[in-house]
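If you read the sequences in order, they're chains X and V.
Our numbering puts the first residue of the first sequence at 1, with every later residue one more than the last.
Our numbering puts the first residue of the second sequence at 1, with every later residue one more than the last.
Hints may contain errors.
[As the list claims (entries may be wrong)] Ranges of calculated distance between the beta carbons of each label pair, as one might list FRET restraints:
{"no.": "1", "chain 1": "X", "residue 1": "Glu92", "chain 2": "V", "residue 2": "Arg252", "range": "44 to 52 Å"}
{"no.": "2", "chain 1": "V", "residue 1": "Asp228", "chain 2": "X", "residue 2": "Tyr174", "range": "24 to 32 Å"}
{"no.": "3", "chain 1": "X", "residue 1": "Trp32", "chain 2": "V", "residue 2": "Arg27", "range": "41 to 49 Å"}
[Claimed, not checked] Stretch by stretch, here's where chain X covers chain V in the computed footprint (C-beta under 8 Å, at least three residues):
{"no.": "4", "segment": "61 to 75"}
{"no.": "5", "segment": "89 to 98"}
{"no.": "6", "segment": "101 to 115"}
{"no.": "7", "segment": "233 to 243"}
These aren't lab readings, by the way, just hints derived from the structure by calculation.
All C-beta atoms in this analysis are idealised placements derived from N, C-alpha and C, irrespective of residue type, glycine included.
For reference, the chains in residue letters:
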Amino acid sequence: MTTTTVPTTLTAGGARARMIGNEASKGLRLLWAYRATLIPSLLSMFFMYLVFQYFVGGGRIVDGLVSDTAPALFAYVVVYLTTMRLVAGILEERNAGTLEQIHLSPLPTWQLAVGRLAAALIEALGVAVVVTAAVLVAVGVDYPFRPAVLVPLALTVAGAAGFALMIAAASFTYPGIGALVHIIQMAVMAVNGTIAPPELFPRGLELVARLAPTTIGIDATRSIVVDGDGLGDVWASGALGWLVLHTAVLLAAGWGAYCWQIRRAVRDGRLGPA
Amino acid sequence: MNVVNTIEPTAGERASAAERTPLLVARRLTKVFGSANRAVRAVEDVDLVVHGGEVVALLGPNGAGKTTIIKMAAGLVTPTRGTVSVLGHDLVRRRGEAVRHLGAVLEGGRNVYWALSAWQNLIYFGRLRGLRSREIAPRAEWLLRELGLWARRREAVGGFSRGMQQKVAIAAALVSDPAVLLLDEPTIGLDVSAARTVKDWVRRLAAEQRKAVVLTTHQLAVAQELSDRVAVINQGRIIADRPVGDLLAQFREDRYHVQVAAEPDDVPPSMLFEIVDGDPAAGSTTLAVGAATDNGALYEVLGLLAASRVPLVSVTPVQPDLEEVFVRLVGADR
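For reference, chain X alone in the conformation it holds in the complex:
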């Protein structure tokens, strides 16, 4: 008989990090197991973007337009895949009963959520890099690498994570959220600058666009990689300040909504199969 000593405390940061890592690595293993669905989604994003650019360019693909919109494509892929993975994961695990098993862990809800989010973000970032790079290579657009761009990009990704958590939270209450996610994501793509830069939009739509996830971050990113601005310039223009605020609001709202919905699901017995 093999016996195991159950640890008495899990307060050490290392132990918690290990358990979050466990959650993330499980997520990645599951994504790998379902990799057959990944290739078609990669290809469809690549061709869909090029088709949009073809029409917006009046029957040809315009290099300048691509260099203006490719950062938005990157952000769109991140927000789309992170949201889809979180929502699909929750819906599937709820039906499979594994969501209940996960919550039999001594880990608090927020740490389980960090692990789940980390796995979704890793996959989304990987796919976004591949799709965007493929587009840039195919069209022949070259960006100069400026380390400063990592700041708005990181904030954009964090905001996307907050937005994804918000939608994922709704999946505990509305099992039909899957269909709605596609509509929401199409709206995000339409306004975040993937099709055309928001400054080309009518004034009212432009204001709406700037409130949508990733739009402000992409503006800041573009001014660094396309216009050659430094972080100081972006800060002085107010774009970085707005981005920080926007990201903080999205993260707080997403995080709050997710944890609240988990608590409600436990209260109402909705963690498991219906």
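For this one, chain X is given, so just place chain V on it according to the hints.
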């Protein structure tokens, strides 16, 4: 001078004291789903105390509240009122400490990841409960070998039979060696062989590892076979919570069935018995005899039969099984 003799408890006494300390205690558990005029009272004032080495079966009709009780005991549904403690740790206030000693296999779901292998599942669930891989590996190997899954440990669980999947779920629940095991319909949908393995395991876990096991089942034969105690639940309330033997004894009838090798017409008429079953083709008849405390009525009937030269086949005391007891309890509660 006063001399105080301090008597140290022996190892046996210490073990016995530990045994008396309940591993799972639920007090006044109540769950109301919904609110206001849509409120559904699923569980009401349920008390449940389970000690190490004990198997307790929760029995009840569909919708009685068994699964809700199991999920509240696992911390997966928040009670509207009442408390649950595991090894003395309150499941709400000290959740992390409490769930560490819990393992559960729940009904209606897969419980494990079908896309992962049995080995990956066990490592994942072990880590999820705070163990390191090097601590999990020996126990995971032992569990998989004991359950006959070692040779297929690297295969995705989705390709396994239902019985094997259930074994993986049980192994995953046991990988952190929890003191309390909650099993919701553990043998449902399993073939005879797989169900037997699961039943053997439940028995061993309680008898050898002194785990507290709470299970729900609709298969009353399984409950009768496995459990030390049965809690019958109806409309969210426990209407009986007694050792199986006591429960059966409570409903034992002071009657015997006497089988004779004769047709019903050949049995001498008497006020002391009734014919409950007669098969003229087989020449067999069963008589029900109400037994007085000294079994006088039985002897009288046997004498009557002997005098009439009716061949006797068997005399059996009428013992209701758990199913019959369950039906009577639930019927009486309506």
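Hint numbers the structure violates, sorted upward? 2 and 7
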